[in-house]
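Take a look at the letters that make up each chain.
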Amino acid sequence: MGRRNLRSPITYRAFPIFLIIPAVALVIFLVIFPLIWALGLSFYSYNALRGDSPVFVGLDNYSLLLNSGEIWRRFITTGQFVLYAVVLEFLVGFALAHLFFTKFKGRRLAITLVTTPLLIAPVAVGIFFRYIYDATFGVFTYFVELVTGQRIRMLSQQPMLAVVFMDVWQWSPFMMLFILAGLEAIPKHMLESSEIDRLSWINKFRYVVWPKIKPLVALALLFRTMDAFRTFDTIFTLTGGGPGTLTEVLSITIYRTAFQFFRTGEATALAFIFLVIIILLTNLYLRLARRE
Amino acid sequence: MNLEKYNVTRRKAISTGAKVATAAVVTGVVGGLAGYLAGTSGQQESTVTRTVTVGGGGGQTVTVTNTATATVTTTATRTVTAATGPVTPEVSITFASPEWLPGRLTGLIAQDFPAWSKANIGKAVEVKMDLIPWDVIFERLSTTLIARSKEPTLLISDSQWLGQFYVGGHIRRLNDYISRDPELQQLLNRFDPALVYFYMTFPQGNYDNIVGFAHEGDTLLFVYRHDLFTHPTERENFKAQYGYDLPANYEDWYPGQLDWYQIRDIAEFFTRKAGDELAGKRLEEDFYGIAVHMSRAYDAIACPFGSILYCHGEYWWDPETGEVEGYINSERAVKALEFYASLVQYSPPNALELWFDEANAVMQAGRVAMIYNWAGFLPSLFDPAASKVYNLIRVVPPPGHRGDDGIFRRYSGIGGQPMCINAYSDRVEEALAFIKYWFQPQNQRKWAEGGGGVCIKDIIQTEWFRNLTPYNRAYADSIPFQVDFWNVPFFAEMLTAVQEEIHSALAGAVSPRTALDNLARRHKEIIQRENYPRAFERYGRPAKNVAQLIRRGLPIS
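Heads up: the sequence lines are chains E and P, in that order.
Note that our numbering has the first sequence beginning at 1, numbered continuously upward.
Note that our numbering has the second sequence beginning at 1, numbered continuously upward.
No wet-lab data here; the hints were simulated from the structure.
As the structure is a prediction and not an experimental result, all values here were calculated from the model.
Any given hint could turn out to be false.
Said to hold, decoys possible - Computed footprint of chain E on chain P, listed as stretches where at least three residues anywhere in the stretch have a Cβ under 8 Å from a Cβ of chain E: (1) 135 to 142; (2) 485 to 494.
What the hints assert, rightly or not - Computed spacing ranges between beta-carbons, pair by pair: (3) E:Q157 / P:G406: 39 to 47 Å; (4) E:L91 / P:E139: 33 to 41 Å; (5) E:L275 / P:R402: 27 to 35 Å; (6) E:R151 / P:G406: 48 to 56 Å; (7) E:A121 / P:G406: 52 to 60 Å; (8) E:T102 / P:A147: 36 to 44 Å; (9) P:W100 / E:V55: 35 to 43 Å; (10) P:G326 / E:Q157: 29 to 37 Å; (11) P:A147 / E:F15: 33 to 41 Å; (12) P:W134 / E:L219: 39 to 47 Å; (13) E:M226 / P:A147: 26 to 34 Å; (14) E:W72 / P:T462: 56 to 64 Å; (15) P:L283 / E:L118: 54 to 62 Å; (16) E:G51 / P:E323: 40 to 48 Å.
For glycine and all other residues, C-beta sits at the position ideal for the given N, C-alpha and C.
Same shape as in the complex, but just chain E:
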């Protein structure tokens, strides 16, 4: 009987819908609805902790934020961080991938060790690096002093470099894995042909290696850029955005506005501006990757 019912046109069409209803409902309640609610909230002046009624202010929150010099400075800081971190991660990841593309004894163990930072919680990474960079007792400070004779105060003298190094340490292996996968996918005969044809290393890279790894590199760069934009926990635990506001990236500003100042309307507006920027950047990346 059941089989006969399933074969009736209405049931046949309704059954899959019935099956996906719970998942769709969850997405609507947990993702779509809060997103729309937050978008609505961004047009109100509202302090969640103060408990006053929200006051509709139209686009005031957006205009206030986009006209704020402080917010633009945060955009620049975020851009600097993303640029330095992603470029360095790409270079380090690329170098590591080439290293591990060569077969040698202990290669698997070395890859495992190199990818370990990916397994560590970002908050823990921030705390580790706080100790590593500590200008009085830190191991980094100690070795730099040993080599240069200078006691460097990374967190106060070179704070951006400090957060970028930390990010590079944690995320270069991610880049390496993508590039290594691309390298492993190059057919052996192509590499051998290039050897036989005595291609220079630059031409070998340009005509044999790069076309094969390019899609994976684009994907890795896309992932890392999006991820670097929303970096919060490592920087928050390492510098808290300081000294002053030198390393205060946009995600920290959103957090402070939302959960320390409780200017809820402004925080959601800022989060949406941030979201739009990330979407635009992602599209730009994808378009560039497709064009090439």
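Based on the hints, put chain P in the right spot on chain E.
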């Protein structure tokens, strides 16, 4: 695996393995269930033991023994044992507190509350502690209260959060309860006035809105290396260089009028390089003069810089009018910041990341002559297992400063927290009962013995309390000159601006003048946007104009 070697078939091996695994799982489940059942009907017995050893004043060495390590021994039943016998809790309330020694100690003292509450309000109430790390407690409590959660019934609020929590309607106004209860009225008179002013009222000092009861008192104190300060060669060299004596004992610091600028001299004097001589010994590592909080985190700058600012005769703003221009960027304020920034050169290299932990660490390692740190974080300095200098240090009240008007001002940025009652909780009776229980003499005694910051003045002033720990005397003497910054609902933005701008000045990114002008501009924008004081007039006004009192060098309480 070669199974033939063991004369076992593959099937038998798999079967045996499966049996062992099943047995292990069953044992685990049964054990876990038993443990759970035992835990739910269990009893907790707790002991608090703490040993602190320290050199005494006047060149003598004194050993003070009291509590320092909190040890909790949990047995299998949960019925709480008290003097009156075992009592099974009927009601349970939660107490949210920072995760630190006072929080854990509160949990231990609360264990006798079911018996006490059974005897006094007719029902056995259990207090469960929710210990939250300091870094996230404000956000945790705020979001819980925004969600109108009934628990925690009791919560620790840092003094500056009071306005935000109260104006948002998240914590209860206690005046009506106090007016109906002679015991609470009597209790109110037992607090030191400075603590009522800054821990219990909104706006500050306004008794019309009592919003909490002082729980953990805390003050910034100086810890110095007594062995170095009393070393004959060092004393001789210091006098030759600066023309006056190094402070040798408690009285030289307090009530002696030691000046912050003398502190800087001392810091400069003791700043040495590896290879230099210190107290007759060749240094293997650099040695630093002073460690003062300068981190960008939370209020790490606002409190110590506040102390220096007040001692220079200036305050953050006019609390009555909300005016900041001419206050935080006045000549006196700039001088105060120049002085604060000048301490960086005598501080450890991580000066700009220094907060309570970092300050303790450098003192424990024996690499600094003085630190300025919260009393609540000092116990570990006297722990021989953690501190190289546990028997070489002394704790004293902070110095003051004789200003350009010839007045010697001694003020210090206050720490510490009150306990408040969640406005959404329906367990107010139980919460008030706990407050009364908390201030029972025997519990305050336990609190003091465990290292808690007692807020009851008739206890603080006893010789017993003053001699109980190496830092109690300094803590007790410091309370009357404590000053807090704003506890207004927009404190967080004001505080963040302070931390950012002054941290920039300490890092040398901007001059002290520019930093304070920027700070004044930012504060002005915040205050104007918030329409202070007009928008908050319905809550009343601060009882005193702290800015004017400080400018005139008068006591606050």
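Tested hints:
no. : hint                        : verdict
1   : 135 to 142                  : holds (count 3)
2   : 485 to 494                  : holds (count 4)
3   : E:Q157 / P:G406: 39 to 47 Å : holds (40 Å)
4   : E:L91 / P:E139: 33 to 41 Å  : holds (37 Å)
5   : E:L275 / P:R402: 27 to 35 Å : violated (56 Å)
6   : E:R151 / P:G406: 48 to 56 Å : violated (41 Å)
7   : E:A121 / P:G406: 52 to 60 Å : holds (56 Å)
8   : E:T102 / P:A147: 36 to 44 Å : violated (56 Å)
9   : P:W100 / E:V55: 35 to 43 Å  : holds (39 Å)
10  : P:G326 / E:Q157: 29 to 37 Å : holds (34 Å)
11  : P:A147 / E:F15: 33 to 41 Å  : holds (39 Å)
12  : P:W134 / E:L219: 39 to 47 Å : holds (41 Å)
13  : E:M226 / P:A147: 26 to 34 Å : holds (30 Å)
14  : E:W72 / P:T462: 56 to 64 Å  : holds (58 Å)
15  : P:L283 / E:L118: 54 to 62 Å : violated (42 Å)
16  : E:G51 / P:E323: 40 to 48 Å  : violated (28 Å)
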